[in-house]
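Residue numbers (our numbering), protein chains in the order written: chain A, 107 to 529; chain B, 59 to 687.
Keep in mind that the hints are not guaranteed to be accurate.
[To be verified] Covered, in the sense of this in silico footprint (three residues per stretch, anywhere, with C-beta under 8 Å from a C-beta of chain A), are these stretches of chain B:
1. 143-155
2. 183-192
3. 202-211
I should point out that these hints are in silico values taken from the structure, not numbers from a laboratory. Note that the Cβ used here is the ideal one computed from N, Cα and C, for glycine as well.
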Amino acid sequence: VNHSADDGPRREAVRVRMYRVGFGDCFLIRIPSEDTERLILVDCGVHTASKGGVPLDEVVERVIADVTDLVGEPRIDVVVATHRHRDHVEGFDNPAWMNVNVDEVWLPWTENPKDPLARRLLSRQSRRAMHLAELSADHNTERWLAIRALANNSLKNAAAMAMLHHGFAGAATRRYLPSSSCGRSASFTTSALPGVTVHVLGPSRDEAIIRDIEPPAGGTYLRTGRGGNALTIQGPNLPFDRFIVPKDDYRERFAHLMLRSEGTVVAASRTDPLAAAAALEQAVNGTSLMLAFEYRGITLVFAGDAQWGTWNAALDDAKRNGILTRADFYKVGHHGSHNATPREFVESCLHGAQFALVPVARTNIPAFSEIPRLLLLEALADPQRCEHVIRSDAPPETAPESVTVSDVWIEVEVVGRPDGGTL
Amino acid sequence: MGEPSSNRRREQDGVAADTVMPARRPLRVYAFDPQLANTLDRIGPGVVTVDVPWEPLKVGPFGARVIVTDFDGGRLDGNKPAARYYEPVDLDDPAIAVQQGLAPSERDPRFHQQMVYAVAMRTLTAFDGALGRRIRPPGGILRLIPHGFRGQNAFYSPEAGAVLFGYFQADEFDPGPNLPGQFVYTCLSHDVAVHEVAHAIVHRIRKWLLQVTNRDVAALHEAIADLTAIFLHFTLPGVVAETVATTRTELGDPTPLVELAQQFGYSTGQRASLRTALDQPDPRRYETETEPHARGAILVAAVFEAFLTVYRRRIADLLRLATGGTGNLPTGALHPDLVTRVAKEASRTAQHVLGMCIRALDYLPTVDVTFPDFLRAVVTSDRDLFPTDGDGLRTAFIDAFRRRGLHPGADEVISLAEASLAWPTVRWADDAQIPSRGRMLVRDVLTLNPRLTWDPGEKDAPLDATEILGTEWNEGELRASLEAFAEQHHGELGLAAPGRTENRIRAEDLVTTFRYDEDGAAHVAFIVQYVQTVNPKDLPDVPSEIVELAVRRASTLIADGSGRPRYVVAKPLPGPGIQLGPAAALRASRLERWVQDIEWRDPLRPFGYSKRGASPLGLDLALLHGAAL
Numbered sequence: 107v108n109h110s111a112d113d114g115p116r117r118e119a120v121r122v123r124m125y126r127v128g129f130g131d132c133f134l135i136r137i138p139s140e141d142t143e144r145l146i147l148v149d150c151g152v153h154t155a156s157k158g159g160v161p162l163d164e165v166v167e168r169v170i171a172d173v174t175d176l177v178g179e180p181r182i183d184v185v186v187a188t189h190r191h192r193d194h195v196e197g198f199d200n201p202a203w204m205n206v207n208v209d210e211v212w213l214p215w216t217e218n219p220k221d222p223l224a225r226r227l228l229s230r231q232s233r234r235a236m237h238l239a240e241l242s243a244d245h246n247t248e249r250w251l252a253i254r255a256l257a258n259n260s261l262k263n264a265a266a267m268a269m270l271h272h273g274f275a276g277a278a279t280r281r282y283l284p285s286s287s288c289g290r291s292a293s294f295t296t297s298a299l300p301g302v303t304v305h306v307l308g309p310s311r312d313e314a315i316i317r318d319i320e321p322p323a324g325g326t327y328l329r330t331g332r333g334g335n336a337l338t339i340q341g342p343n344l345p346f347d348r349f350i351v352p353k354d355d356y357r358e359r360f361a362h363l364m365l366r367s368e369g370t371v372v373a374a375s376r377t378d379p380l381a382a383a384a385a386l387e388q389a390v391n392g393t394s395l396m397l398a399f400e401y402r403g404i405t406l407v408f409a410g411d412a413q414w415g416t417w418n419a420a421l422d423d424a425k426r427n428g429i430l431t432r433a434d435f436y437k438v439g440h441h442g443s444h445n446a447t448p449r450e451f452v453e454s455c456l457h458g459a460q461f462a463l464v465p466v467a468r469t470n471i472p473a474f475s476e477i478p479r480l481l482l483l484e485a486l487a488d489p490q491r492c493e494h495v496i497r498s499d500a501p502p503e504t505a506p507e508s509v510t511v512s513d514v515w516i517e518v519e520v521v522g523r524p525d526g527g528t529l
Numbered sequence: 059m060g061e062p063s064s065n066r067r068r069e070q071d072g073v074a075a076d077t078v079m080p081a082r083r084p085l086r087v088y089a090f091d092p093q094l095a096n097t098l099d100r101i102g103p104g105v106v107t108v109d110v111p112w113e114p115l116k117v118g119p120f121g122a123r124v125i126v127t128d129f130d131g132g133r134l135d136g137n138k139p140a141a142r143y144y145e146p147v148d149l150d151d152p153a154i155a156v157q158q159g160l161a162p163s164e165r166d167p168r169f170h171q172q173m174v175y176a177v178a179m180r181t182l183t184a185f186d187g188a189l190g191r192r193i194r195p196p197g198g199i200l201r202l203i204p205h206g207f208r209g210q211n212a213f214y215s216p217e218a219g220a221v222l223f224g225y226f227q228a229d230e231f232d233p234g235p236n237l238p239g240q241f242v243y244t245c246l247s248h249d250v251a252v253h254e255v256a257h258a259i260v261h262r263i264r265k266w267l268l269q270v271t272n273r274d275v276a277a278l279h280e281a282i283a284d285l286t287a288i289f290l291h292f293t294l295p296g297v298v299a300e301t302v303a304t305t306r307t308e309l310g311d312p313t314p315l316v317e318l319a320q321q322f323g324y325s326t327g328q329r330a331s332l333r334t335a336l337d338q339p340d341p342r343r344y345e346t347e348t349e350p351h352a353r354g355a356i357l358v359a360a361v362f363e364a365f366l367t368v369y370r371r372r373i374a375d376l377l378r379l380a381t382g383g384t385g386n387l388p389t390g391a392l393h394p395d396l397v398t399r400v401a402k403e404a405s406r407t408a409q410h411v412l413g414m415c416i417r418a419l420d421y422l423p424t425v426d427v428t429f430p431d432f433l434r435a436v437v438t439s440d441r442d443l444f445p446t447d448g449d450g451l452r453t454a455f456i457d458a459f460r461r462r463g464l465h466p467g468a469d470e471v472i473s474l475a476e477a478s479l480a481w482p483t484v485r486w487a488d489d490a491q492i493p494s495r496g497r498m499l500v501r502d503v504l505t506l507n508p509r510l511t512w513d514p515g516e517k518d519a520p521l522d523a524t525e526i527l528g529t530e531w532n533e534g535e536l537r538a539s540l541e542a543f544a545e546q547h548h549g550e551l552g553l554a555a556p557g558r559t560e561n562r563i564r565a566e567d568l569v570t571t572f573r574y575d576e577d578g579a580a581h582v583a584f585i586v587q588y589v590q591t592v593n594p595k596d597l598p599d600v601p602s603e604i605v606e607l608a609v610r611r612a613s614t615l616i617a618d619g620s621g622r623p624r625y626v627v628a629k630p631l632p633g634p635g636i637q638l639g640p641a642a643a644l645r646a647s648r649l650e651r652w653v654q655d656i657e658w659r660d661p662l663r664p665f666g667y668s669k670r671g672a673s674p675l676g677l678d679l680a681l682l683h684g685a686a687l
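Input sequences plus hints: build the corresponding full structure.
Right, here's the structure in full:
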């Protein structure tokens, strides 16, 4: 429609705009096409603990204004929500989206309301999040603040999810990925994105992956709730009432049996709530969509917050490993944290990429100080692996031509490889 | 009469002088758990009377090695925690003693105390017999807390020196044969109690196995605990015979005999027992399985298959006798005499197989144990006592392990022949003998048949050693002499040269074992576990805080009765003066990969928590069991 030639991406380039929400993800991908450029919005949210960053409501307003500028109307071809963590979806809890036309909404298979396994997973995860939120409500130490922040992030985020499932203008198609229709290869094309091949790298439905996102395997930390370690039962019919011996009597009559430290025994049986909260965070991250977009030999990898199960499966599979090896652009997983980007990917796959973008900000949780993991960012920034590693909270002072920095976003232009990008 | 140092009870206790006290104390327990006791489709009796060695007891029960404290840490008063103590049982109360302990009841906590005491004693006794020494629990006494907390869990806590049993309400929607919401007590499960006490004992024998330095370490802890629980089923009166009759001697059929913790499994919505000893052998599972209980189940199934092989071989003649030589059983019920004889073979074989597994613990490396190490330890320890493998027990083990891929690679052994799997015997150049063995011998002889003191919990050794040694017992001196010996021989032990402050060698555990071989001759062996700290510089690719906390060079030294080293089971790592260079480098590279893997999976790692808390390799049995007991 009516954007100037300078403004739009060149035919052979893809642009990725990282909105500077703080500790959260919001990316707009701009893909050239015969008519107006095509737009993909990947996530829109911020963590409750985030410090700094553009307020989320403003970001949403800007995204809608920006897409209207770019394509002449409030319209996004594909909206992707990688997983239901607040720092990825909260922005969708905003009525302004009701005026935006969306062709397709993509969610991980774990969000499919018609899938019984998905429903069970989500209800368990939500119950745990609620339980942890309740437990942490009255405490204000540093550890409890961290627990509350983690629990809040995993709460249902119902309003945002409702927008993704039922909202937006127009009759958007919902895809739950990987869908059975895209077959074993887990790759597909769509008329909404001409010239683009989408590869679904995760989450898979492998038993191993599912075990990571619900107990027992990932569940060593997760048994809270009814009958779990962290919760005590009350109510009538408590057993053994008539056998209770008041403590003073007991000390007098059975001194030889008294515990030296009751506290040690009680503490031993308590699940560490921070461990439980961290494990829940990881379990929900494990449901994260991991996508690669290929357009004219340009490969963009959006890892969401995928965890080791998804990564391992992708790295072990020859085809997916090949896709990862071709990455020209990498959205760094889980805000650059230690265990969301495997060393094997950095050291053995990543080669000749142009950009790695890290959406991150400081938080008011001291325990989060290891995010981003600086060693990881340094390893990524090896010029053989990746030309530019850019943090949303620290844009480069002298930006190269292919990078545009504004107060609200940072945009990069990704081009094809000289060798055509094929292997 | 003089000292109350024998089984004669003092007059002032109200028992006539010179009354000989009983050798055994019969106590009633649930054979499996209350759920099986209350259903008709069980096999064998729901309630059995077991005997445990008699010992003087205080109310609790409180004996020499076990103390039961019924402290309930999970009660609430309104919203506030309100821990409570419950009335303890007096097993010497005549009204209780004459009826072989209280009758099984879910409602009386005193029965629960009686049951955990009885089961813990059975477990300790099984280990004593196989190890050839009297096991003292970590810290001297093991505390059992039958209602420690509310939760679907039970675990041994090294910090509290106690086994904590949880209790919980059965699943509202899927409780199996239990009432939805009914209370389920893990302490009333024979399997759970044996399993947790076995963890405590394994911790006593190999305390470094709480450092999970490879996939097998935690799994082996679980497997030993499960094997003990499974094979103790075979000592339950009446259960084996009835299973033999019902399965027509096919003990490999799924029955409660080969399953673990039925009530726990069903009441938590799993629609099955918690675990089973049966599997379909598949070497890929050992490659891919990481969850410790599931991985441990591979080893459990291998050992159980070895048991079945030998059991079938041992009853083949009985079947031929009973069937005029055909070996084909006729239809209809088996003859009760046949059932009795077959059951006897089953129990005897179960005891042999469990004994082999327990004895192997002494022959394990001190740290970083793997399943192949366990197989090698089984073969070595069994060969020492029974050079002729008459019934093919060892062959059966090797075969069952091979079918599941649980064997060392060609880089470690020449073949899977017994002689190659056994740890190599060593011969030190200077014909060295370990020091202080006379003192060790005296100390440990004295613990074999402990003086039964009238004050339960009082140490029964090495107090008496002074009388024989003529000098006060000094554990520190013994340790120091063994450490000096190791410094002198660090090369042979696979340890690095000790410096002034670094690479310090510690003798962690020193024991004497007394065992009888196939000719009935007594065998004495001295076993010392040496552990050496590692300078983080020697492992540059492992975070230094992990090296300091969790990574050690170590060596198990097994010396024969003359004090000459017979086996050195070393786990070396690179460092100054290391003689086992290639093995050290191999272990270092495996460790590096493992630590990366663990850190990558640890949910707390991104939050910078591991640095402040424990090493991510530290095994927390409570958390581990929260998943699957």
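Hint check results:
Remark: the segment 143-155 of chain B is confirmed as covered by chain A, as 4 of its residues place a Cβ nearer than 8 Å to a Cβ of that chain, reaching the required three. Given as covered by chain A, the segment 183-192 of chain B fails the check, having 0 residues with a CB less than 8 Å from a CB of that chain where 3 are the minimum. Under a criterion of three residues with beta carbons nearer than 8 Å to beta carbons of chain A, the stated coverage of the segment 202-211 of chain B is upheld, 8 such residues being counted.
In terms of the numbered hints stated before, the structure departs from hint 2 and from no other.
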